[in-house]
Amino acid sequence: MLSELDLIREAQKGNKSALNTLLTENYSILKGFIIKMTGNPHISQDILQETMLKAVLNINRFTPHAKFSTWLIKIATNTYKDYLRKNKPSELIEESLESPGGSLENLAISKIEYKEIMEIILSLPYEKRAVFILKHYQGYKYDEISEILNCPIGTVRSRLHYCIKYIISEMERKGLIE
Amino acid sequence: MKKDKLDIKASIIDSYYNEISEKDTNPTFNNESNEIRNKLNAMSDKFDCINELDFDLDVNILNIIQNAEDIKVKKKNKFETIYFVLIAFLILSSLLFIGIASGFKVLIYGEIFIGALTPFALIPLAQICKKREEV
Numbered sequence: 001m002l003s004e005l006d007l008i009r010e011a012q013k014g015n016k017s018a019l020n021t022l023l024t025e026n027y028s029i030l031k032g033f034i035i036k037m038t039g040n041p042h043i044s045q046d047i048l049q050e051t052m053l054k055a056v057l058n059i060n061r062f063t064p065h066a067k068f069s070t071w072l073i074k075i076a077t078n079t080y081k082d083y084l085r086k087n088k089p090s091e092l093i094e095e096s097l098e099s100p101g102g103s104l105e106n107l108a109i110s111k112i113e114y115k116e117i118m119e120i121i122l123s124l125p126y127e128k129r130a131v132f133i134l135k136h137y138q139g140y141k142y143d144e145i146s147e148i149l150n151c152p153i154g155t156v157r158s159r160l161h162y163c164i165k166y167i168i169s170e171m172e173r174k175g176l177i178e
Numbered sequence: 001m002k003k004d005k006l007d008i009k010a011s012i013i014d015s016y017y018n019e020i021s022e023k024d025t026n027p028t029f030n031n032e033s034n035e036i037r038n039k040l041n042a043m044s045d046k047f048d049c050i051n052e053l054d055f056d057l058d059v060n061i062l063n064i065i066q067n068a069e070d071i072k073v074k075k076k077n078k079f080e081t082i083y084f085v086l087i088a089f090l091i092l093s094s095l096l097f098i099g100i101a102s103g104f105k106v107l108i109y110g111e112i113f114i115g116a117l118t119p120f121a122l123i124p125l126a127q128i129c130k131k132r133e134e135v
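As given, the protein sequences belong to chains U and Y, one line each in that order. Terminal number for the first sequence in this note's numbering: 178, no gaps in between. Terminal number for the second sequence in this note's numbering: 135, no gaps in between.
Do not take every clue at face value.
Claimed, not checked - Mimicking EDC-like on lysine to aspartate or glutamate, the simulated pairs with C-alpha atoms at most 16 Å apart in a straight line are:
(1) U:K111 - Y:D58
(2) U:K31 - Y:D14
(3) Y:K131 - U:E172
(4) U:K111 - Y:D70
(5) U:K67 - U:E119
(6) U:K16 - Y:E52
(7) U:K165 - Y:E69
(8) U:K31 - Y:D58
(9) Y:K39 - U:E172
(10) Y:K46 - U:E170
(11) Y:K46 - U:E172
(12) U:K13 - Y:E69
(13) Y:K46 - U:E25
(14) U:K115 - Y:D48
(15) Y:K39 - U:E170
(16) U:K111 - Y:E69
(17) U:K54 - Y:D54
(18) U:K111 - Y:D54
(19) U:K174 - U:E119
(20) U:K16 - Y:D45
To be verified - Chain U regions said to be covered by chain Y (calculated; three or more residues, Cβ under 8 Å):
(21) 2-13
(22) 18-29
(23) 33-47
(24) 65-75
(25) 147-157
(26) 164-172
In short, the hints are calculated from the structure, not lab data. For each residue, glycine too, the CB sits at the ideal point set by N, CA and C.
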């Protein structure tokens with residue numbers, strides 16, 4: 001089986017199968033990030049498609065000093081930034097939460113909590129939300145996030161601290177934590 | 001005092017996200033540190049539900065690759081057309097310039113000379129290109 005680096009080299013030579021494998025392997029990471037950023041299936045689909053299209057078109061520009069998924073997420077953040085410039089902020093769609101299993105009451109509580117948590121995330125400004133999602137859910141280091149968002153590490157750190165303080169205060173206000 | 005508390009909060013967040021080791025956090029204000037850690041844990045527990053969030057998206061990667069190929073071909077064709085028009089314009093204007101500067105007789109001799117020599121240059125060039133394509 002080819003390593004990620006070999007796949008990238010093959011894809012840069014024009015091997016479609018290598019490109020397909022590369023995108024398929026990184027699909028779930030990219031999808032997870034975009035879904036959390038937008039909270040909306042229609043926008044997620046558009047951003048995901050456009051990100052992958054841009055990645056294929058610019059594959060020869062990729063220099064493998066970072067992971068391929070990091071590069072994809074960088075493209076996705078820029079694509080979403082452009083989308084927000086042209087459109088209104090996304091609306092939250094609730095239909096998507098999977099049933100946690102158990103009673104209807106549990107499901108109802110989960111849905112309410114999900115809605116409130118998603119509202120908190122979506123109320124964060126775009127660049128701060130990106131930092132929080134990349135750190136909290138994707139587990140990136142500060143330097144990787146600074147590379148993705150093209151900003152200094154100190155800015156990433158202060159944005160994360162702001163997000164945490166804001167989220168905790170909002171959760172306390174909504175009675176989600178004591 | 002307030003600044004210290006803010007620093008502690010920041011360093012606890014950094015240590016929670018494994019950016020600094022726990023040893024590097026300020027050991028003073030222990031009660032406060034524990035309170036912040038508890039809040040971070042509670043927040044994390046609640047935010048886990050977003051991990052289950054999944055949309056059934058209709059994305060076909062092979063189609064995207066094909067679309068990208070089509071875009072690349074269109075872009076290449078566009079550039080080739082622009083190059084062709086530019087080069088044709090340059091050749092025609094230089095011929096006109098030579099004609100005006102040296103007389104049209106020279107231009108006709110030149111054209112006959114180029115017309116006679118061109119096949120000798122183009123045939124080997126075409127063969128080299130063909131060999132390269134085969135490799």
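Hints, one by one, checked against the model:
no., hint, in the structure
1, U:K111 - Y:D58, "24 Å, violated"
2, U:K31 - Y:D14, "26 Å, violated"
3, Y:K131 - U:E172, "73 Å, violated"
4, U:K111 - Y:D70, "43 Å, violated"
5, U:K67 - U:E119, "31 Å, violated"
6, U:K16 - Y:E52, "32 Å, violated"
7, U:K165 - Y:E69, "46 Å, violated"
8, U:K31 - Y:D58, "11 Å, holds"
9, Y:K39 - U:E172, "10 Å, holds"
10, Y:K46 - U:E170, "13 Å, holds"
11, Y:K46 - U:E172, "12 Å, holds"
12, U:K13 - Y:E69, "13 Å, holds"
13, Y:K46 - U:E25, "29 Å, violated"
14, U:K115 - Y:D48, "13 Å, holds"
15, Y:K39 - U:E170, "12 Å, holds"
16, U:K111 - Y:E69, "42 Å, violated"
17, U:K54 - Y:D54, "23 Å, violated"
18, U:K111 - Y:D54, "14 Å, holds"
19, U:K174 - U:E119, "11 Å, holds"
20, U:K16 - Y:D45, "41 Å, violated"
21, 2-13, "violated (count 0)"
22, 18-29, "holds (count 5)"
23, 33-47, "holds (count 6)"
24, 65-75, "violated (count 0)"
25, 147-157, "violated (count 1)"
26, 164-172, "holds (count 5)"
When the structure is compared with the earlier hints, violations turn up for hints 1, 2, 3, 4, 5, 6, 7, 13, 16, 17, 20, 21, 24, 25 and for no others.
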